[in-house]
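Protein chains in written order, with my numbering: chain A, 421 to 735; chain B, 69 to 396; chain C, 19 to 350.
Treat the hints with caution; some may be incorrect.
Stated by the list, open to error - Pairs of lysine-lysine, BS3-like flavour, derived with a Cα cap of 27 Å:
#: 1; chain 1: A; residue 1: 501; chain 2: A; residue 2: 682
#: 2; chain 1: C; residue 1: 147; chain 2: C; residue 2: 97
#: 3; chain 1: C; residue 1: 115; chain 2: C; residue 2: 88
#: 4; chain 1: C; residue 1: 115; chain 2: A; residue 2: 456
#: 5; chain 1: C; residue 1: 33; chain 2: C; residue 2: 147
#: 6; chain 1: A; residue 1: 624; chain 2: B; residue 2: 94
#: 7; chain 1: C; residue 1: 111; chain 2: C; residue 2: 97
#: 8; chain 1: C; residue 1: 115; chain 2: B; residue 2: 348
#: 9; chain 1: C; residue 1: 88; chain 2: C; residue 2: 34
#: 10; chain 1: B; residue 1: 348; chain 2: A; residue 2: 624
#: 11; chain 1: C; residue 1: 226; chain 2: C; residue 2: 348
#: 12; chain 1: C; residue 1: 147; chain 2: C; residue 2: 88
Unchecked claim - The calculated label-pair distances, taken between Cβ atoms and stated as ranges, are:
#: 13; chain 1: C; residue 1: 288; chain 2: B; residue 2: 375; range: 35 to 41 Å
#: 14; chain 1: B; residue 1: 112; chain 2: C; residue 2: 170; range: 54 to 60 Å
#: 15; chain 1: C; residue 1: 132; chain 2: B; residue 2: 164; range: 55 to 61 Å
#: 16; chain 1: C; residue 1: 104; chain 2: A; residue 2: 618; range: 43 to 49 Å
Hints were generated in silico from the structure; no laboratory data involved. Glycine residues also receive a C-beta, built at the ideal position from the N, C-alpha and C atoms.
The lines below spell out each chain.
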Amino acid sequence: MTAAEQPSTRKPPPKHHGTRRLGMWVLGWQRFRRNKTGLLGLVLVGIVFLVALFCPLLAPYDPNDQSAMLEFRSKAPPSWKNPLGTDRMGYDVASRVIYGAPTALVVGLGSMAVAAVIGIILGGFSGYIGGMADEFLMRFTEFFLVVPIFIVILVMVRIFGIVVVGTPLEEIPYLNLSTIILILGVFGWPPIARMARAEFLRLKEMEFVEAARCIGVGRAGIIFRHILPNALPSLIVIIALGIGGSILMEAMISFLGFGDPKAISWGQLLSFNYEFLKIAPWASIAPGMAIFLTVLGFNLLADGLTDAFNPRLKE
Amino acid sequence: MQDDLIRIEKMVKFYPVMRRGIFRSKQTGVIRAVDNVTFSIRRGETLGLVGESGCGKTTTARALLYLTAPTSGRAHFQGTDIIEVFERGAKEEILRIRRRLQYVFQDPYLSLNPRWSIAETVLEPFRVHRHLPENQWDDRLMELLELVGLEYYHAWRYPHEFSGGQRQRVGIARALAVEPRFLICDEPVSSLDVSVRAQILNLLIELQEKLGLTYLYISHDLSSVRFISDRVAVMYLGKIVEIAAVDELFARPLHHYTYALLTAIPIPEPDADRGHSVLKGEVPSAVNPPPGCRFHPRCEAALPQCREMPVELAPAGDEHLVACHNPR
Amino acid sequence: MTAIAPHNDQLLAVKKLRVHFFTGAGVVQAVDGVDFAVSPRETLGLVGESGSGKTISSLALLRLIPRPGKIIGGEIIFKHEDLIAKREEEMIKIRGKNIAMIFQNPAYSLNPIYSIGDQLGEILTWHEKLSRQAANERVAELLQLVGITDPFSRLRQFPHELSGGMKQRVCIARALLCSPPLVLADEPTTNLDVTIQAQILDLLQELKERFHMSMILVTHDMGVVARMADRITVMYAGRICETATARTIFENPRHPYTQALLATMPRVDHSYSDGKTRRLPVIPGRIPNLIEPPSGCRFHPRCPASDDECARILPELLSLEEGHWVSCIKAG
Ligand SMILES: Nc1ncnc2c1ncn2[C@@H]1O[C@H](COP(=O)(O)OP(=O)(O)OP(=O)(O)O)[C@@H](O)[C@H]1O
Ligand SMILES: Nc1ncnc2c1ncn2[C@@H]1O[C@H](COP(=O)(O)OP(=O)(O)OP(=O)(O)O)[C@@H](O)[C@H]1O
Ligand code: SF4
Ligand SMILES: [Mg+2]
Ligand SMILES: [Mg+2]
């Protein structure tokens with residue numbers, strides 16, 4: 421030890437339980453902060469979250485307020501009264517777009533939560549156990565990857581919508597939206613599973629994992645204390661990408677008219693207004709921009725996270 | 069022998085060679101990474117294990133600690149058959165063995181969990197073994213860090229804040245936390261800067277003197293092996309070809325491979341005998357090792373029987389074992 | 019007086035070379051005022067620990083510094099011309115033809131998708147304007163020379179079909195294709211086993227004599243330079259500590275770092291089991307960070323002979339005696 425490294429004062433003794441566990445995260449954040457595009461993504465995503473949280477405060481009108489229609493102000497251009505204009509049914513576009521934010525986030529986060537649980541369990545199991553189980557699970561994943569999901573989802577949403585009619589299930593609020601979220605999750609796990617498998621494969625051979633086995637740490641300890649936390653950064657990146665993807669997917673489903681009629685979603689606003697694109701362009705452009713900025717935000721965020729946590733780009 | 073701490077008997081480890089098919093993988097052969105290896109390590113000594121890349125040094129050590137399950141063979145620690153314990157023993161029994169045998173890894177950049185502070189890493193063994201009441205952990209942590217030449221304030225830092233030499237010290241502290249009797253050091257200095265290597269080698273010797281440890285020191289760097297070892301075993305293609313006391317081996321190598329290895333090392337002296345390398349060709353593959361003596365295709369003194377008759381370690385002089393039909 | 023005056027008989031003279039890396043964390047002063055020279059038919063050993071700037075110094079000779087690095091000063095006089103002033107098109111003609119490089123990791127320095135014959139032949143058709151047929155023959159001849167048996171069938175093989183030692187032989191053959199007067203070998207044997215290393219070193223020695231080449235051998239292994247080099251330059255933290263003939267470096271090192279480096283390495287030819295306590299002399303501390311290198315002499319925080327002056331004065335490379343250059347204010 422060189423003299424220069426000696427601290428001037430002694431710090432208090434360390435606490436071994438609950439010591440700050442943030443080494444990697446702090447380091448990652450320092451690198452992330454230097455990444456302009458990543459920060460832009462974070463800001464965009466942050467705005468969407470804030471809007472979603474405070475939509476009743478931010479929206480000038482109730483989302484179901486059609487009073488403009490009565491004043492013959494449907495399809496009105498942006499004005500002081502209606503900052504983004506009104507659409508063909510007299511809804512205030514700004515309010516509708518603002519109320520679309522929570523829907524988009526619920527779809528993105530919900531479907532990816534489902535996908536992450538399935539993907540991490542299957543992928544982690546596959547990578548950690550290896551052998552025949554791995555072969556089988558990977559083939560299974562590949563099968564899901566080659567299926568044209570979008571069409572399958574449309575079909576399933578429609579069939580489910582029909583099957584449910586007349587059953588008590590019909591009473592559940594936002595049933596259609598929940599179905600979409602669930603299906604997006606069930607079909608969205610393969611990339612996460614692949615990443616989890618690759619990370620588990622890589623990490624289980626790492627010397628620090630071997631060192632833990634040497635000390636006598638059990639299987640659960642190795643998976644949950646050593647491997648999973650180290651796999652998390654990569655998984656978060658791919659989940660962030662997936663959130664953007666799901667939001668886009670839901671917008672496409674709604675745009676094609678397969679969405680939940682009771683939920684306010686950006687895709688539905690588009691589908692609702694695109695025929696009047698020439699007469700009231702604002703009613704289509706606003707939800708379109710919302711989709712674009714949100715998806716872009718998540719993708720940029722994922723990009724920034726990759727740079728921040730990818731050790732190969734260190735120095 | 070009475071004072072053997074570790075005895076490895078007929079240790080074998082084969083790895084399957086797989087070819088990936090469309091539906092399932094097929095095994096097309098085996099890598100004979102470790103093939104019938106027998107040796108013992110005495111209490112308090114350092115046994116050096118040398119050999120070229122891929123000859124099976126690491127695999128031997130990993131099989132000994134059951135980090136990979138050996139294909140067959142026994143390993144005894146103070147008379148207990150530890151492979152038997154690892155395979156069938158109760159959890160407490162396995163933990164008891166794990167406490168006594170520890171491993172120091174080659175790459176200090178890979179062997180520490182990057183998300184854990186040094187304190188967490190060094191204290192993990194305490195959490196697993198619970199051999200100390202929790203209120204003594206901090207004191208013990210301080211002692212351990214001091215023992216390996218780190219400062220107490222280092223405990224809050226994370227691996228990326230350390231140099232390679234310091235990380236290797238942390239790795240050693242973690243291994244010492246369970247009060248082991250036996251330490252495997254697998255190339256502990258080869259990824260360190262030249263000027264830091266001496267610091268770690270000195271530390272290992274100091275710890276051995278203080279704590280009465282026994283080492284298996286694995287390396288392909290013969291100069292550090294010469295410095296740290298009491299006895300040396302030479303490995304070639306999964307087999308031990310020679311074992312002797314360190315000075316004996318360096319002065320009178322009996323196996324032709326040992327001799328070739330020794331002459332191949334460049335001596336840091338401008339007028340050193342610039343003898344030409346005696347060894348032609350390269351190490352054959354461990355998938356299809358040559359029959360008979362595995363070294364015969366490259367050996368200048370090979371006899372006809374070397375080509376067919378396998379050869380086992382046999383005594384040749386005072387505590388000197390060699391596996392050669394025609395020793396030098 | 020310039021530290022190492024360019025004589026007319028020098029093939030290469032590097033003067034006050036400085037290469038800095040402009041990274042997000044700061045400016046890495048990787049090579050900071052380095053002087054050395056190579057005479058025809060001479061092997062110069064460039065030794066030093068990891069990160070001391072050996073690779074960057076030799077890449078600078080080819081003007082192949084990776085981004086974000088830049089040559090920010092100095093001269094590289096090769097055959098009486100300053101390479102730093104040359105345009106990129108002129109450099110392309112020098113690389114491979116006049117100065118060739120052998121890399122540390124043979125696995126990465128051959129292109130996996132081309133056969134050996136194609137990769138090596140291409141260099142000849144480009145630099146020497148040989149026909150395909152003539153190029154192939156010349157390649158086969160060189161492969162034979164570097165100890166590869168049955169060279170014509172090897173021409174069709176791909177890098178992954180060769181062992182590490184074999185690949186390094188191919189890389190050596192590639193470096194020699196245009197008979198360059200100067201070869202840079204960057205740790206050519208570090209990734210190889212000792213017995214293969216011995217074969218490759220023998221081969222390099224033999225080829226060097228046969229082709230009348232000069233060689234810069236970059237390594238951190240004092241044994242390798244002792245065996246190969248005529249003269250040795252010792253680097254530490256981006257600067258030169260000492261340059262002298264190999265014998266002088268080993269028998270009469272004058273820079274404290276050279277002395278410490280030699281003392282700190284265990285020796286194969288030395289018995290340590292004589293009963294006395296076994297300890298190696300150590301260099302305390304560790305290699306400095308080159309973003310904020312120590313003031314004055316870069317080695318002073320670790321140097322046993324240092325005092326206040328060392329922390330203030332940046333020592334110049336000065337001649338102690340004929341051909342022996344040391345940058346230490348205490349060595350005079
Ligand atoms: N997990 C594995 N799967 C398949 N083959 C393996 C595995 N681990 C090692 N091997 C093979 O076993 C042989 C011995 O490897 P080992 O790592 O024991 O060599 P080593 O002597 O430690 O070499 P080095 O000096 O390069 O560390 C090699 O041929 C290697 O390719
Ligand atoms: N791309 C880069 N960006 C920033 N710094 C760099 C880069 N490449 C090299 N350096 C710095 O330049 C210095 C010299 O590096 P160089 O590769 O020349 O060392 P070396 O002496 O060849 O070491 P080694 O023995 O490890 O090969 C090092 O401190 C390194 O950190
Ligand atoms: S100048 Fe001073 S600090 Fe530098 S090497 Fe010489 S004695 Fe040591
Ligand atoms: Mg190994
Ligand atoms: Mg280098």
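Hints, one by one, checked against the model:
no.: 1; hint: 501(A) with 682(A); in the structure: 26 Å, holds
no.: 2; hint: 147(C) with 97(C); in the structure: 23 Å, holds
no.: 3; hint: 115(C) with 88(C); in the structure: 24 Å, holds
no.: 4; hint: 115(C) with 456(A); in the structure: 43 Å, violated
no.: 5; hint: 33(C) with 147(C); in the structure: 34 Å, violated
no.: 6; hint: 624(A) with 94(B); in the structure: 23 Å, holds
no.: 7; hint: 111(C) with 97(C); in the structure: 14 Å, holds
no.: 8; hint: 115(C) with 348(B); in the structure: 31 Å, violated
no.: 9; hint: 88(C) with 34(C); in the structure: 14 Å, holds
no.: 10; hint: 348(B) with 624(A); in the structure: 38 Å, violated
no.: 11; hint: 226(C) with 348(C); in the structure: 37 Å, violated
no.: 12; hint: 147(C) with 88(C); in the structure: 32 Å, violated
no.: 13; hint: 288(C) with 375(B): 35 to 41 Å; in the structure: 38 Å, holds
no.: 14; hint: 112(B) with 170(C): 54 to 60 Å; in the structure: 59 Å, holds
no.: 15; hint: 132(C) with 164(B): 55 to 61 Å; in the structure: 57 Å, holds
no.: 16; hint: 104(C) with 618(A): 43 to 49 Å; in the structure: 45 Å, holds
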